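Student: Those protein sequence lines, which keep their order, are chains A and B. If you read the first sequence in our numbering, its first letter stands for residue 14, the second for the next number, and so on. If you read the second sequence in our numbering, its first letter stands for residue 28, the second for the next number, and so on.
Hints are computed from structural coordinates only; laboratory data are not their basis. Quantities reported herein were computed from a predicted structural model and do not represent experimental measurements. Just so you know, not all the hints are guaranteed correct.
[To be verified] Derived contacts from chain B toward chain A, CB cut-off under 10 Å, selection only:
#: 1; residue: Met57
#: 2; residue: Leu59
#: 3; residue: Lys108
We put the beta carbon where it would ideally sit given N, CA and C, even for glycine.
Residue-level listing of the chains:
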Amino acid sequence: MITSKELMHLEDFLNMGQLNVKTFQHLSSEVQDQQAKQLFQQISQKQQQHVQSISKHLTGAQTLQ
Amino acid sequence: MAQQQNQQGQQSQQQGYNGQGMQFSDSDLMNLALNETKNTAHALNIYITEANSNQLRQDYMTVLGDVYSEQKQLFDMMQQKGYYKVQNADQQDISQAQSKFSQSN
Numbered sequence: 014m015i016t017s018k019e020l021m022h023l024e025d026f027l028n029m030g031q032l033n034v035k036t037f038q039h040l041s042s043e044v045q046d047q048q049a050k051q052l053f054q055q056i057s058q059k060q061q062q063h064v065q066s067i068s069k070h071l072t073g074a075q076t077l078q
Numbered sequence: 028m029a030q031q032q033n034q035q036g037q038q039s040q041q042q043g044y045n046g047q048g049m050q051f052s053d054s055d056l057m058n059l060a061l062n063e064t065k066n067t068a069h070a071l072n073i074y075i076t077e078a079n080s081n082q083l084r085q086d087y088m089t090v091l092g093d094v095y096s097e098q099k100q101l102f103d104m105m106q107q108k109g110y111y112k113v114q115n116a117d118q119q120d121i122s123q124a125q126s127k128f129s130q131s132n
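Whenever a hint applies, use it, and build me the whole structure from the sequences.
Tutor: Here you go:
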């Protein structure tokens, strides 16, 4: 079970997370500095994992109800 | 390094407030990235303090920990490259603050 506020936040987080993954990928393709390129790429991948770990709470809540 | 940054800043201002012909410098792109991590951390703080489920709260906290370290990595890299300048506090202001708080002891 999740509260309506938690649901709202989950949606906000997942939207933001998905956009962040794309944003960091884009920044990585734009930036000339190699060190920054690599760091942006790493962050993008990490945020993909974050989206996955938090989205489990949505699927989890669905099966419980 | 500082001069170089100033030149870049002036250049992007000259290139126009209408947004045409504007180029993002590496410094701009890193600043965008840094802001992104700060905004994410800010949002996560709200989600954590308003979470009902312990597990959800814990998972957000894990994510926030990662976001903090990403923010620090970005900040350190920018500072190393001279894109982020911090200014030391004024010595006189420090002694003033110090005397203010030593009175209450």
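Student: Does each hint fit the structure? Answer for all of them.
Tutor: Each hint tested on the structure:
no., hint, in the structure
1, Met57, "6 Å, holds"
2, Leu59, "6 Å, holds"
3, Lys108, "7 Å, holds"
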